[in-house]
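A.B. asks: If you read the sequences in order, they're chains A and B. Last residue of the first sequence? That's 375 in this note's numbering, and every number before it is there in order. Last residue of the second sequence? That's 387 in this note's numbering, and every number before it is there in order.
No wet-lab data here; the hints were simulated from the structure. Cβ atoms here follow ideal geometry from the backbone N, Cα and C, with glycine treated the same way. Some hints could be false.
[As the list claims (entries may be wrong)] Here are the computed lysine-lysine pairs in the PhoX-like style, where the Cα-Cα straight-line distance is at most 25 Å:
#, chain 1, residue 1, chain 2, residue 2
1, A, LYS267, B, LYS382
2, B, LYS382, A, LYS257
3, B, LYS382, A, LYS328
4, B, LYS47, B, LYS23
[What the hints assert, rightly or not] Quick partial rundown of chain B residues pointing at chain A, CB under 10 Å, derived from the structure:
#, residue
5, ALA293
6, ARG300
7, SER316
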Amino acid sequence: MNFNYSEEQTLLKDSVAKFIANDYDYETRRKHCAMDGGFDVATWQTFAELGWLCVPFSEEDGGIGGGAVETMIVMEEFGKGLVVEPYVSTVLISGGVVAKAGSAEQKAEILSGIIEGNRKLSLAAIEPQSRFDLFDVATEAKFSAGYYELTGSKAMVLHGASADTFIVSARTSGSSRDREGVSLFLVPADSQGLEIQDYPTLDGHRAAELSLNSVKVPESALIGEQGATLSVLEAVADEASMALCAEAVGMMEKLYKETVEYSKNRKQFGVPISIFQALQHRMVEMFTLHEECKSLLLRAVMSHQAGGADYPKNVSALKYAVATKGQKVAHEAIQIFGGMGMTDEMSVGMYLKRINVINTLFGNGDYHLKRFMAM
Amino acid sequence: MDIQLTPNDVAFREEVRAFLKDKLSDRIKQAIVGGYIDKDTMIEWQKILYERGWVAPNWPQQYGGTGWTITQKFIFENECAEVGAPGVVPFGLKMVGPVIYTFGTDEQKQRFLPDILQSNVWWCQGYSEPGAGSDLAALQTKAERDGDDYIVNGQKIWTTYAQYADWIFCLVRTDPAAKKQEGISFLLIDMNTPGIEVRKINSIDNQHSLNEVFFDNVRVPVTNLIGQENKGWTYAKYLLTHERTAIAGVPQSKKAIERIKEIASQEMSGGRPLIEDDMFRAKLAQVEVDLMALEYTELRAIASVVDGGAPGPESSILKIRGTEIQQAVAELSVEACGYYAHALGDGIGNGYAGPISTKYLYGRAATIYGGSNEVQKNIIAKMVLGL
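Full structure from sequences and hints, please.
C.D. replies: Laid out in structure tokens, this is it:
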């Protein structure tokens, strides 16, 4: 039984942590958000050069064969820096789908493109009515004359406007809430009949609404087996949930530590507010909530690594805990920062907004508590 | 990172399981019911552990400990709790024993340690006083030197199982002029000494565990002093930090949740088993998630000291969250039992509610004793967060 990182893992952690500390302060992040596409292309290239874009991929696919532990390491540090580059949508989610279900040709083309930093993809799996049910797919794909024709609406496609290609879930059979009949397609962003509506989200990231009107893609655009890829989506959703929770855990750590520092410097009634017991106990609670989520994160990651049957249950426990405890930590930070916590100038509020987005992606706290109860 | 046990640890776990299967009878499992200890049954179980050499896993081997690794101790505690083995009474084996072998004279070690290991002597703890709870160093019970004796006068309170005790270890004030932490000594007192009176405290759980102990000119030989006069606070602090394993009570809470699920499968609500009630089930699930977090927090804390390292900051939350979860579990147990949770008397209704309510009420003390959770938070604020 040990929770220590290997030498390689320690190096990875140190390199990401160093980058965030030296090159990714809140002002920098703010500038990235304001750039075309909502992130910095040069920084993305730096990620490629530092080898972070290949972390989750097998050596066969051109990666370093990293697992859930390596992804956790990267995401925790990214969380501390509120990294806005599309790592989750391109590398973890889209890369995850292709690595799990893609053909040899698809993997060769797409994964190498992601690893080199040339390709951006995004998963279009959510629909306005689907909420957290990935099987709730109303978008249809009709096959005729060697082409699939896709029609429907996709919602909250992460970093959609900067993606060159979408992975679109569409129904090839059945009715909108059937578990069977969900297929996945590679859809180039410049396809005829595809409308992309770009918008910012509260956390400084970007997303897009897609409208597909008889978008034609060739047979080779199909990823995996026709009508049987819901399990791929759900597996990727669990892994992405774990990664997002790692991001949130990094944020919780940053929040409690910054709050402690702030309280030591902020003076009221002639003394630092850190001496007040009412505030001390609140900060101890923030620390405790972070440690609890960290423990659940390790539990989920280690059960994934061990291939344990309890892994999905651990993911739901984690996602539920982050939804409640993560948000609580951010609320407490704002409270103790006082008026300053309400300002856009400080990063505290941005952590709250990012945690709230994370809590909604792939199922909120209630959704995961219900899933936990059903297991 | 990995969570697997080594083959040696797996073999050890099998050895523990075999022992428990062989020696732990259903009758002995009843040594603690609703938090209340049956003295004779408990002593019987402790003697069985002693015979096997396993009664004091935390003691150094030279004094009768097991020489187990931290992982083995953890496995042992978990396996015991898993099958419902009663935990040993802490006062001798986990409290005064370590103080005696660490700070006592050779003569004191020879005189007291064997009886503690063999459970021949029942100890109780004389720390709290009416005016010294969380502020323990404010204690007033005084010991004045008179030749080869101390004369002890004063009062201790919340003394658990003093009515059973043969001996009491006490913090007493030997220098009233010194700063409050510096005038305290650690004294071992025979409960049969004239001038000691034990009075029962009626507690909310309707059991008799708590007492007041009065000292009226009690004569205690100076040879019963541990270490140096006026250094008692150091020994007391050592004692408080020494016994930190199993403080979270994870396996016990797991067992209790299993029991709630059994009860909630029998109890009906809205014409269906309570366990199918979404609101009840959600409350239970929330506690389960917290317990899963606590379990891994404990594993992290243990792993951090396996290689002789210092415990990480995560270990500091074990007492707070552990006791909060124990109480939450007890509350849900009571809720599951419905009306009969409030019935007094044996054999009324479903028959299982009585001890559950007792345990719930007894368990309100968990966030008060061992340093109240608020005091724990003060400690974390200072020691971990640097506030």
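A.B. asks: If you draw a straight line from the CA of B/LYS382 to the CA of A/LYS328, is it 25 Å or shorter?
C.D. replies: Given that 25 Å is the threshold and the Cα spacing comes to 22 Å, the pair holds.
A.B. asks: Using 10 Å as the Cβ threshold, decide whether B/SER316 counts as touching chain A.
C.D. replies: holds, 9 Å
A.B. asks: Verify the proposed pairing of A/LYS267 with B/LYS382, using a straight-line Cα cut of 25 Å.
C.D. replies: holds, 18 Å
A.B. asks: With the threshold set at 25 Å, check whether the alpha-carbon distance from B/LYS382 to A/LYS257 stays at or below it.
C.D. replies: This hinted pair holds, its Cα atoms lying about 14 Å apart.
A.B. asks: At a threshold of 10 Å, is the proposed contact between B/ARG300 and chain A supported by beta-carbon distances?
C.D. replies: holds, 6 Å
A.B. asks: Is the Cα-Cα distance between B/LYS47 and B/LYS23 25 Å or less?
C.D. replies: holds, 11 Å
A.B. asks: For the hint on B/ALA293, does the least C-beta distance to chain A fall short of 10 Å?
C.D. replies: holds, 4 Å
Checked against the numbered hints above, the structure violates none of them.
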